[in-house]
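J.: Sequence:
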Amino acid sequence: MDKDQLKGDTLKFEETLLPSFNSIDLKRTIETDYNYRFGSKEANIAELYHENSKLVRGSTVKIPDDLHQRREQARTWYFDTSYDFQEKDLNPKQLSTAIVRHRDHSDAMQRLFAQFSDTDQDGSLLYGLDIFLYSDDKITRLLPGRDFLWIERFVDDDLKQLFAKAIIDPDQAQNIDKGTWFFVVGAFWRHMMLVGPRGYRNTLYDVGAFVERFSRAAVREDIQCQVETHFYEHHMDDFLLLDGTERSTLALIRLEE
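Residue numbers (the working numbering): 149 to 405.
The hints are simulated quantities; they were obtained by calculation from the structure and are not laboratory data. Hints may contain errors.
To be verified - Each computed BS3-like pair below joins lysine-lysine, with the alpha-carbon atoms no more than 25 Å apart:
| id | residue 1 | residue 2 |
| --- | --- | --- |
| 1 | K286 | K313 |
| 2 | K189 | K175 |
| 3 | K326 | K313 |
| 4 | K308 | K236 |
| 5 | K286 | K308 |
| 6 | K313 | K241 |
To be verified - Label-pair restraints from in silico Cβ distances:
| id | residue 1 | residue 2 | range |
| --- | --- | --- | --- |
| 7 | L174 | L238 | 52 to 62 Å |
| 8 | F186 | Q322 | 41 to 51 Å |
| 9 | Y182 | A246 | 48 to 58 Å |
| 10 | D181 | P345 | 20 to 30 Å |
| 11 | S201 | Q269 | 23 to 33 Å |
Since the model is a prediction, treat every value here as computed from it, not as a measurement. Every residue gets a Cβ at the ideal spot worked out from N, C-alpha and C, and that includes glycine.
When you get a sec, could you build the whole thing from the sequences and use the hints?
T.: Structural data, given as structure tokens:
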């Protein structure tokens with residue numbers, strides 16, 4: 149970034165320079181969104197959501213009085229019933245294609261899995277979030293209250309290329325097989341079914357809490373940790389077999405031991 153560009157970006161924090169009403173920009177950019185926001189005839193999509201997710205007194209879309217009880221019931225049911233089976237229920241010959249045990253990983257990774265799958269600890273965040281991992285040519289899922297990862301799919305070269313296309317940073321895209329990738333996925337309706345559009349905000353709160361706590365825990369284990377929140381969601385969701393609406397990727401965390 150040159151000095152003139154840096155100076156221009158700094159001035160944005162001090163004032164908004166209103167463009168002439170006689171000027172027209174045919175190409176939409178981040179810059180034009182910012183400069184024309186006061187005179188735009190169309191609502192900014194981010195601001196539109198913000199307004200429509202506000203709590204309004206007298207609205208029929210309101211927070212239920214028994215929200216805390218209903219939310220705890222939903223959490224308890226989800227944590228108790230999801231992937232509730234015994235290993236004996238699986239064909240022993242096919243076990244390695246279905247699960248990967250926590251104990252098959254390093255001691256540091258086992259401690260992370262234990263902390264973030266324990267629903268009495270940080271695993272409580274796995275109500276509004278799904279956590280997927282990619283390593284060793286497999287996509288797996290961290291489950292609440294379970295001591296194993298569920299294998300979602302095996303990754304071939306074509307899927308690796310899809311993952312690489314989803315990453316904006318070219319250096320990272322060339323090194324997707326280094327370390328372990330954690331995908332923080334929002335399952336928006338688990339909150340929204342209780343509080344309406346406001347629940348989308350709750351999902352974003354959960355993402356922030358998970359990334360912060362997980363990053364700190366990784367550092368305590370002396371594991372290199374890198375967080376990324378900018379990527380091409382359509383490619384990333386296709387890689388994880390997500391529909392992109394009910395569930396979508398919100399953050400990436402790469403760990404390298």
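J.: Run every hint past the structure and note whether it holds.
T.: How the hints compare with the structure:
no. : hint                    : result
1   : K286 x K313             : holds, 18 Å
2   : K189 x K175             : holds, 16 Å
3   : K326 x K313             : holds, 16 Å
4   : K308 x K236             : violated, 33 Å
5   : K286 x K308             : holds, 10 Å
6   : K313 x K241             : violated, 35 Å
7   : L174 x L238: 52 to 62 Å : holds, 59 Å
8   : F186 x Q322: 41 to 51 Å : holds, 42 Å
9   : Y182 x A246: 48 to 58 Å : holds, 49 Å
10  : D181 x P345: 20 to 30 Å : holds, 22 Å
11  : S201 x Q269: 23 to 33 Å : holds, 29 Å
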